Amino acid sequence: MTETRAAPFVVHTATFEGPLEQLLRLVQQGEVDVSALPLAEIAAAYLTHSRAGFDVEEATEAIWTLAALVELKARALLPQPPPPEEPPPEEPGDLDAAMEERVAAYRAFKDVATAMRALETYQQRVFLRPGEEPAGALLTGVALPDLMRAFQEVLARGRERPREVIPEPITLAERMAALMELLTEATGEMAFQALFPGEATRLEIVVTFLALLELIRLARVGVRREGPDGTIQIFLRTNADVHRRMDAVLPGRDAG
Amino acid sequence: MSDRSGAIPILDEPAQPPDDARLYEAVRAIECILFASGEPVRPEQMAEAAQVPTEIVAAALAILRGEYAERGLEVQAVAGGYQLVTRPAYAEAVRRYLGAAAREPLSQAALETLAIIAYRQPITRPEVDAVRGVRSDYILERLEERRLIHVVGRKDTVGRPMLYATTEAFLRHFGLGGLADLPPLERFGQIVSPPEL
Amino acid sequence: MSDRSGAIPILDEPAQPPDDARLYEAVRAIECILFASGEPVRPEQMAEAAQVPTEIVAAALAILRGEYAERGLEVQAVAGGYQLVTRPAYAEAVRRYLGAAAREPLSQAALETLAIIAYRQPITRPEVDAVRGVRSDYILERLEERRLIHVVGRKDTVGRPMLYATTEAFLRHFGLGGLADLPPLERFGQIVSPPEL
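Protein chains in written order, with my numbering: chain U, 1 to 256; chain E, 1 to 197; chain L, 1 to 197.
Treat the hints as calculated values from the structure; they're not laboratory data.
Since this is a predicted model, take the numbers as computed values, not measurements.
Be a bit skeptical, because a hint or two may be false.
[To be verified] A few chain L residues that don't get close to chain E, going by computed Cβ distances all over 10 angstroms: (1) Ala36; (2) Pro43; (3) Glu48; (4) Gln51; (5) Ala59; (6) Gly72; (7) Gln76; (8) Ala77; (9) Arg87; (10) Pro122.
[Said to hold, decoys possible] On the chain E side, residues computed to face chain U include the following (Cβ under 10 angstroms): (11) Ser37; (12) Glu74; (13) Gly80; (14) Pro105.
[Claimed, not checked] Away from chain L, derived, C-beta distances all over 10 angstroms, residues of chain U: (15) Thr48; (16) Glu61; (17) Arg117; (18) Ala118; (19) Leu128; (20) Leu183.
Glycine included, C-beta positions come from ideal geometry on N, C-alpha and C.
Just chain U, with the same shape it has in the complex (with noise of 0.2 angstroms):
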């Protein structure tokens, strides 16, 4: 994300002062003579900012703007083309009428960002609360770097089998309800490795591990860890375990 960036380049000439975009504007609105622009110049000071700290989106704007700059000043430079043999269907009159109504349009768009600037301030300034996503409690004894130790595993053991054709499609829906199912069979629990059998594919063990994260987050399967050094256990998640886990998103139930 590029929200933190370095100073933005500013053209200093002796016609202009100020960032590339308004310089570019200006030319085309005929308010900065192009043809007497160092662009050479401009284009060199932009390399030197950009050793400072290279910003890849200000550069592709920057490039952008520099090239229709260049494009405009050959245009000034160059003897004018011979008008197109056809002349404009529009009389002057009509072609004066689309241009200032062209104008107010923009003169109109300016002021209305103008109102929409007020709005973005005013919500700029409020603050919504921390929305109370089910979280954190649903992994007891088990610290992340146990439970991806134990996927490392099973994905090394899915690496080293020989070159996989492509899989026939497995989707998370199916890999849910199969462990739903397993589990079930399980009489409500069994160890995470067996969840990975050995010919498993890396596809179908990472389908697998992202199965059992949904089922994680809505609240039907739970994991423990079973002493220090045990194994992790996967187990079927009651009902009494879900309405617990509500309370404890709202701190106001226990109070009263």
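Assemble the complex: chain U is given as a structure, and chains E and L must be docked to it using the hints.
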């Protein structure tokens, strides 16, 4: 800044249901729901959670907004739902507590481009360029990245250019209940019709 | 009806002495701080954020508790300070709302897209499309809205497409809140031997 509550006509309905106790309970329940949710809540969601008809929800919301008129918090109609937020007057205190920096506003050029898209949507990039008089590629890209606009299709014309429209995040960014809440453009210039391109 | 014909400035001044105005502002600011905080706030923190002495905080808290006596929310004193919470009487409604919101599951296509991104991040939209065989614009947008993925940059190739990766909220969404060190899944492919236990 004026209160923009008037934008939602449903709230203007008479707040006189048959059962006062039931309405009162609905007001309290909706207050709790808005508090617990970190995002706009649609009236149907409130009705379902509070187990009351939508007419009661509308009346309860009107009462709740009145109750919060004098408080530090306010009920906002945003993006088709309602949300409870802190008042702007206390932004500094909240920022000091949260240790949060002020959020970065949109650049002037981005805001103008967004205004054009908001009022003329769906609109193509060349059409935006024609209004602004400069190329808008970069700005459109940034706006799309911030999820304030998105591509909704292609125009059936030469080159089949992409058509842009504003998103729900746009409504949230400006605290608008819907596009109808945008200030009427006619007030801002003498535009009879959009120029033909 | 009051007579508003003559703008008499004295009417606009606070009807209370200055100290009351300061206390009133402190009550509102503290209300905002308690609301915006997801956890208990200590009086010293309130004093610092609202920039008032602790005596004012104590008085403001007393007033605030009185104001909330009849509401759906209440100010609760807990070990870590004070917090704004929903009243137990409305827990059912809140539970129904949060439950319904939490039960809104990701679509099948969204889950699959997420798996691809988790597995191959950072990845561009065209690359995701290539794996899925269909366009993924809309799904990427939804996943981004739910803050499961975000744009982390642009790929240095034709068109400079945006690169997507999973977020910390991705971990939280799957019940792994606060544990942010999930290694990129692509790295697993490079593991030659299982790590030591």
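Structure-based check of each hint:
| no. | hint | in the structure |
| --- | --- | --- |
| 1 | Ala36 | violated (5 angstroms) |
| 2 | Pro43 | holds (12 angstroms) |
| 3 | Glu48 | violated (7 angstroms) |
| 4 | Gln51 | violated (7 angstroms) |
| 5 | Ala59 | holds (16 angstroms) |
| 6 | Gly72 | violated (4 angstroms) |
| 7 | Gln76 | holds (13 angstroms) |
| 8 | Ala77 | holds (18 angstroms) |
| 9 | Arg87 | violated (7 angstroms) |
| 10 | Pro122 | holds (14 angstroms) |
| 11 | Ser37 | holds (6 angstroms) |
| 12 | Glu74 | holds (8 angstroms) |
| 13 | Gly80 | violated (16 angstroms) |
| 14 | Pro105 | holds (6 angstroms) |
| 15 | Thr48 | holds (23 angstroms) |
| 16 | Glu61 | holds (12 angstroms) |
| 17 | Arg117 | holds (23 angstroms) |
| 18 | Ala118 | holds (21 angstroms) |
| 19 | Leu128 | violated (8 angstroms) |
| 20 | Leu183 | holds (16 angstroms) |
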